[in-house]
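Peer 1: Sequence:
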Amino acid sequence: MTSPDLRTKCLASFGQEEGERLFGVMEVIRQKDFCVATAWTSFQVSIAKTCGHSGVIFQIQSDYRTISAPDGTFIDVETAKYEDIDVHLPKYTLRMDIAKRRAHCSFDNDRGLLRRYR
Numbered sequence: 002m003t004s005p006d007l008r009t010k011c012l013a014s015f016g017q018e019e020g021e022r023l024f025g026v027m028e029v030i031r032q033k034d035f036c037v038a039t040a041w042t043s044f045q046v047s048i049a050k051t052c053g054h055s056g057v058i059f060q061i062q063s064d065y066r067t068i069s070a071p072d073g074t075f076i077d078v079e080t081a082k083y084e085d086i087d088v089h090l091p092k093y094t095l096r097m098d099i100a101k102r103r104a105h106c107s108f109d110n111d112r113g114l115l116r117r118y119r
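The sequence shown begins at 2 in the working numbering and counts up by one.
Treat the hints loosely; a few may be bogus.
[What the hints assert, rightly or not] 25 Å max Cα-Cα, derived DMTMM-like pairs, lysine to aspartate or glutamate:
1. Lys-82 <-> Asp-72
2. Lys-92 <-> Asp-77
3. Lys-92 <-> Asp-34
4. Lys-33 <-> Glu-84
5. Lys-33 <-> Glu-19
6. Lys-82 <-> Asp-34
7. Lys-33 <-> Glu-21
8. Lys-33 <-> Asp-85
9. Lys-82 <-> Glu-28
10. Lys-33 <-> Asp-6
11. Lys-33 <-> Asp-72
12. Lys-92 <-> Asp-72
13. Lys-33 <-> Asp-64
14. Lys-33 <-> Glu-18
15. Lys-92 <-> Glu-21
16. Lys-33 <-> Asp-77
17. Lys-92 <-> Glu-79
18. Lys-82 <-> Glu-21
19. Lys-92 <-> Glu-28
20. Lys-33 <-> Asp-87
21. Lys-92 <-> Asp-64
No lab work stands behind these hints: they were computed from the structure.
With the hints as constraints, model all of the structure from the sequences given.
Peer 2: And the structure:
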């Protein structure tokens, strides 16, 4: 789960400082057994149950330790349990044919895109 190129994508998209901070938050969430992917800004992370599930955008707070769910619930990523994040995620999976072609984190795997930023 989660792209092996995630760190490179964060740095390429958001610069050294913000990219490292974003990657740090995403790594903590990933270690809780979620699939994470970059979103539109360095203050957002897309979280899914697995690579075959739809993701939800969470806002990252300026301390890069707290995320807020779409309903406004604040979650400390360091101390959160799996269930604290899971409750905010959709339970449905992508259709199997779509999931095989386009996993939740697959955009971060796009080597052609990454090559342009290196």
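Peer 1: Work down the list of hints and note, for each, if the structure agrees.
Peer 2: Each hint, compared with the structure:
no., hint, result
1, Lys-82 <-> Asp-72, "18 Å, holds"
2, Lys-92 <-> Asp-77, "22 Å, holds"
3, Lys-92 <-> Asp-34, "15 Å, holds"
4, Lys-33 <-> Glu-84, "10 Å, holds"
5, Lys-33 <-> Glu-19, "22 Å, holds"
6, Lys-82 <-> Asp-34, "10 Å, holds"
7, Lys-33 <-> Glu-21, "19 Å, holds"
8, Lys-33 <-> Asp-85, "11 Å, holds"
9, Lys-82 <-> Glu-28, "15 Å, holds"
10, Lys-33 <-> Asp-6, "19 Å, holds"
11, Lys-33 <-> Asp-72, "21 Å, holds"
12, Lys-92 <-> Asp-72, "16 Å, holds"
13, Lys-33 <-> Asp-64, "19 Å, holds"
14, Lys-33 <-> Glu-18, "24 Å, holds"
15, Lys-92 <-> Glu-21, "30 Å, violated"
16, Lys-33 <-> Asp-77, "13 Å, holds"
17, Lys-92 <-> Glu-79, "24 Å, holds"
18, Lys-82 <-> Glu-21, "23 Å, holds"
19, Lys-92 <-> Glu-28, "22 Å, holds"
20, Lys-33 <-> Asp-87, "10 Å, holds"
21, Lys-92 <-> Asp-64, "29 Å, violated"
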